[in-house]
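*Asks:* Protein chains in written order, with the working numbering: chain A, 2 to 383; chain B, 2 to 383; chain C, 2 to 383; chain D, 2 to 383.
Hints listed in this document are in silico derivations from the structure and should not be mistaken for laboratory results. Bear in mind that the values here come from a model prediction, so they are computed numbers and not experimental data. One thing to keep in mind: the hints can contain errors.
It does not matter which identical chain is meant; a pair holds if it fits inside one copy or across any two.
[Said to hold, decoys possible] Here are the computed lysine-lysine pairs in the DSBU-like style, where the Cα-Cα straight-line distance is at most 30 Å: (1) 47 / 346; (2) 191 / 156; (3) 159 / 374; (4) 159 / 191; (5) 220 / 123.
There are 4 protein chains.
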Amino acid sequence: MNPKVNYGMVGGDIGAFIGNVHRKAISFDPRVRLAAGCFSASSENKNRETGEVLGLDPERVYKSYLEMAQKEAARPDGIDFVTIVTPNVTHYEIAKAFLENGIHVLCEKPLTFTVEQAEELKDLSEKRNLLFGVNYSYTGYVLAKVMREMVKEGKIGKVINVNAEYPQEWLLDDLHPVPGQELKLSVWRKDPAVAGISNCVGDIGSHIENFIYYVTGLKIRRLLAVTNHFGQPLDLNANILVEYDNGANGAYWCSQVAAGTLNGLAVRIYGDEGSLEWKQEDPDYVRYTPRGEAPRILTRGNSYLKEKAAAWSQMPTGHPEGLHVAFANIYKAFISAILASREGKNTDEFDFPRVTDGINGVKFIHAVVESAKNDAKWINLL
Amino acid sequence: MNPKVNYGMVGGDIGAFIGNVHRKAISFDPRVRLAAGCFSASSENKNRETGEVLGLDPERVYKSYLEMAQKEAARPDGIDFVTIVTPNVTHYEIAKAFLENGIHVLCEKPLTFTVEQAEELKDLSEKRNLLFGVNYSYTGYVLAKVMREMVKEGKIGKVINVNAEYPQEWLLDDLHPVPGQELKLSVWRKDPAVAGISNCVGDIGSHIENFIYYVTGLKIRRLLAVTNHFGQPLDLNANILVEYDNGANGAYWCSQVAAGTLNGLAVRIYGDEGSLEWKQEDPDYVRYTPRGEAPRILTRGNSYLKEKAAAWSQMPTGHPEGLHVAFANIYKAFISAILASREGKNTDEFDFPRVTDGINGVKFIHAVVESAKNDAKWINLL
Amino acid sequence: MNPKVNYGMVGGDIGAFIGNVHRKAISFDPRVRLAAGCFSASSENKNRETGEVLGLDPERVYKSYLEMAQKEAARPDGIDFVTIVTPNVTHYEIAKAFLENGIHVLCEKPLTFTVEQAEELKDLSEKRNLLFGVNYSYTGYVLAKVMREMVKEGKIGKVINVNAEYPQEWLLDDLHPVPGQELKLSVWRKDPAVAGISNCVGDIGSHIENFIYYVTGLKIRRLLAVTNHFGQPLDLNANILVEYDNGANGAYWCSQVAAGTLNGLAVRIYGDEGSLEWKQEDPDYVRYTPRGEAPRILTRGNSYLKEKAAAWSQMPTGHPEGLHVAFANIYKAFISAILASREGKNTDEFDFPRVTDGINGVKFIHAVVESAKNDAKWINLL
Amino acid sequence: MNPKVNYGMVGGDIGAFIGNVHRKAISFDPRVRLAAGCFSASSENKNRETGEVLGLDPERVYKSYLEMAQKEAARPDGIDFVTIVTPNVTHYEIAKAFLENGIHVLCEKPLTFTVEQAEELKDLSEKRNLLFGVNYSYTGYVLAKVMREMVKEGKIGKVINVNAEYPQEWLLDDLHPVPGQELKLSVWRKDPAVAGISNCVGDIGSHIENFIYYVTGLKIRRLLAVTNHFGQPLDLNANILVEYDNGANGAYWCSQVAAGTLNGLAVRIYGDEGSLEWKQEDPDYVRYTPRGEAPRILTRGNSYLKEKAAAWSQMPTGHPEGLHVAFANIYKAFISAILASREGKNTDEFDFPRVTDGINGVKFIHAVVESAKNDAKWINLL
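With these hints in hand, go ahead and build the complete structure from the sequences.
*Replies:* This is the structure:
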């Protein structure tokens, strides 16, 4: 009768947009309930207020993530998993704390500062037999799953070129600082101490890397990159050439200073038997062109798509799903895996981004930064 | 600490898509909780199972809506409002039962079979001082609210022509019945006993009527219509000309047999100072052309839009919101009105579709059907 | 060695945009040469200057169309056909003069003021065994021909609904007259003495009528219409419902006051086996949806289109053709017909708009105006 | 009375599509007339037949370009300029022959095999005081000129990133050779002896290079590249990173094996004050986003665009122009320059691509090929 899975959140007070997105998406699943939180480390008021708004037991609104991990682990009705939506610098230590207390973890990306930290989290989760998800949210879109299935079925043949990008415009004003006035857009993502070695590539370039891997299964053998800082400590723009393990090439571009763009993740995957094009801002459609034929506009849920892929749809076709559904699909698979693991079942087939995806993301970010520092030298990843 | 508002649902068992959409959208609001339901009148199993999946107290999963209305009214922790997501024929009696038991109502559209029924519900809700919402869900989209605000501010001047449509394709196969095989798409919407006097106009034409009124404030003075049944009891396609109270004209088209369309609600509103274009399937954008200038593509949440309208946004701009958010915005306003009414405050300004919208919808449907029966005669609505 | 066909032009001095469009389009065809003209009746200077710029023999630059018709008819190297690009009021008498002098005619639309005039021209051309084309230029687009072929082949089955429109914005400023200042956009199209009984429907509504007939072969059995004059002598906006001879319905909308539109001819044709969508402003593509399948984006010249239709293409696919090519295709067919007629061959199969299309256009305009005057009464056309 | 400028053509028999495109585009200009030609070096029949169809004096249909250059130079009414539309390998010698005979030249791109050849042509044209145009046709589009003007006026500020591409699909079938059957798409562009050191980059990559330079004025300081041959002698796909002389970066991609693309030249230019986006396949529109504002869709000919740029428009706005107009604008400027040079006037300001553009193109192609051969090493261009 009661929810089967309880979860907690670290970060995401009610003033933070992303916390709400996560909670709304999780609430799509009737099997789960928010039971505990440490929503703000910096403001006790915000933390308490968030708990109140969300109707939490005040005892389970914690002042520190460590207290939360320990006390929840000790409760008979303690949380089954924690979702971590804090800035990059804290991911490692928070995730580690919950793993050490036997609690499944789903964490925002980029997973950690260093590859070693990410691999340590992987080892720890495996040793403790815990699930570890990483929130590469865009792979939750139904059409991402449809494309992945189509590539697997050979609909576009062997991939021969990839063109992918993720431009934004939200930091463009930073190129025009107003004297005597703090940068209104100055945020933690631009601070190396909080964000790590990269801003733009870390935040959005890594989505390109993960998304292309998710859809195609191709691994990046090596890459070279040019980044632009425009006078800031971290990168705001990057152009990257990649070589995949099948020998094909691709180009990735990410930017936070591209006027007229918002969250423009867009991928175009060309194979020797056809192509796929998809845009995050128009996520319910994919343009599929079989070799020698006219392009087709496929949408989720329709009879011409396979049942397996269409099963992720949470809204009748023709009604836009939006990013909440993509998040919800990530959580849906993660929660299903938790329930399966409870029964001792294998959880390998559940479709959510794993800690290995998190490791690959950190490797990708480091490779881009290293290449850019070395005048676009090739960096091997395999 | 607990949710401030409890709600119940009539209809919407877990096999019915629309019930899930409602519940997910409502769950965006942390102030509310599902507390009771009568999810299926035809199947006791489905009803019970739905309650279980949703974690309801079995005592509050009722076999009849009447029992539910009476027992919930009698509980100290009874539901504050009911949402009715059943087929058309049942709306009137269910809504009436809850109103008579002092419970606020939000009901699917079209509201009732007859104008008299709709007006009776209005009278009853006023007499009992209860809120009555009608689920014209598309008006919950942020851009619908932005357009409405822009029209009010005079951005497009006086409206001089409207072109609006809502084509679908889902009943096209019905034009090709396979002998000896039941129509796979045969559904209650096509049955006059359940749907009322109209299928297509009732289901989707009425959305056009409501949406244009919501955005422009224009009332239809009179209309004429041609409908097509293609051999079925009720309409599958309709072309309608309208004349508004400001003297302008418009054309509406709705269809369930238009190949290549899904939920193609699209409106174009032309004023003597500019125009607005919007599509339900791409809901985060509006094309706005001021007279003598280039078209602009506006999106929710951006600084060039007014704060008031942008406040409805539940996702950062550039990340698609989808229909769940539109539903959620309807419920958000409705729930806020309930909380305000609890404190004796005026609830007139809360932005959700009202019982008067429901009445106008029923009048519109009747006018279209009457005109079509009389060879496209003008029918007065004012 | 010399061009095989000589032509003359009435109207279209070098200051008039449309004259240049015609001449450039005609010059696509190496079989034809401009040999004579009466480019301006009002300005002797403009007339002479146009002849000079175009390199004409000054003797063949005439002060009146009548002189031109007579003298050219008397020359051994006289023009084979005349193209008439003058305002509406003059079409009838000019066309008549050339027909009476034994010269083939291609004339702008709307063909004449009255149906009787149009029919007289038809009779005259038949009696004299002369070709008579009418410049419904949009039917010259390759995709118009492709769609026509697809409909004939049954690709969309029986047509069940048509939605077509032609909005423009160029007269919107007229709704905002500046006191003491002549309307800058005051043009002959708005003057009943020059344009006839209609401005908007005559100029662009008639293109919808002809284009839909061209593509579908459907005849309008009856129609009803509402027009808007916004204080002017002639119509600036019209909404029209039609009923075709196969029983299907359609809605047409044309406007000259629709902010944000340019030459927005757009047609959507729905059949019981599929649909076609096409836009004049994006003329190289058609969206084709077979019933139950995903929409396809077809373009001219590609292997998946039939050879017959693709043969009209004058530019490799992927390079936009533009309206010059549509005009050129009309003239190409007309000139081919002239050459065939010279050899006594049948000319019925050459694909250009005929005088019967011109007659239908005038009938359509009159029906719309009559219906609008009679409160949207049905007007029979068959 | 007669045309003021006579021209000849080398290559472009009536079976070759591109010859017709050139001739039709040139015929837009009433000041010019085709007077001589050597249309096919391989087929005497095709050569003669082309002359006949085009109505040329048989004496001026030459068997060799050399004969043509010499004899035309000797005639009092000899051609003023020649347009060369032959395969790459012949450009240098043909252009040289006409220059040496005192005839202006407009030549297809890529201009020559080697940089030295291109520079020799430049020197020769300067020594002889002859005009030398290179057919980078896409810069003839009105919106290319509008964008160039906007960049000059500072509308997008300092350029900070460029993303440009030119994908095609026409050689994709070559990746699937059918045993025992000649490649149907085997063409001279793939043959090093005729095309030079590059196929894809030479043919279409060079258009990206020229177009971006035309619009932005930015010179490429250095570049690195990866190309893909897919088993063929020359490249079919290339990804290129560039660094401009202002320090900004960009990425170029060209391909002939990208399913679902036709002539997909598309450029996106991001500045610190705004951005411009344009697509060759939709050439009448540019998307312009000023920093902090909504994107606008600008089209040629409208009042909000500058008169200077709009002056190139050859069709009222809203009617598509197509590639013929782009070609026509190149020729229009070239012919105007010829007429100006006749009067001894300065010809520097006439807006057509010059021999220096041709040199830059050859340098670009060589740099890409060299970088690709050296594992994506940076190659300096300045």
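*Asks:* Run every hint past the structure and note whether it holds.
*Replies:* Status of each hint after checking the structure:
1. Taking CA atoms no more than 30 Å apart as the test, residue 47 paired with residue 346 passes between copies only; the shortest distance there is 28 Å, against 40 Å inside one copy.
2. For a Cα distance limit of 30 Å, the shortest separation of residue 191 from residue 156 across copies, 27 Å, qualifies, whereas the shortest one inside one copy, 41 Å, does not.
3. Taking the closest pair of Cα atoms, residue 159 and residue 374 come within 30 Å of each other only across two copies (24 Å); inside a single copy the shortest separation is 33 Å, beyond that limit.
4. With identical chains, the CA atoms of residue 159 and residue 191 are at most 30 Å apart between copies only, with a shortest distance of 22 Å across copies and 39 Å within one.
5. With identical chains, the CA atoms of residue 220 and residue 123 are at most 30 Å apart within one copy only, with a shortest distance of 19 Å there and 48 Å across copies.
The structure fails none of the hints (numbered hints given earlier).
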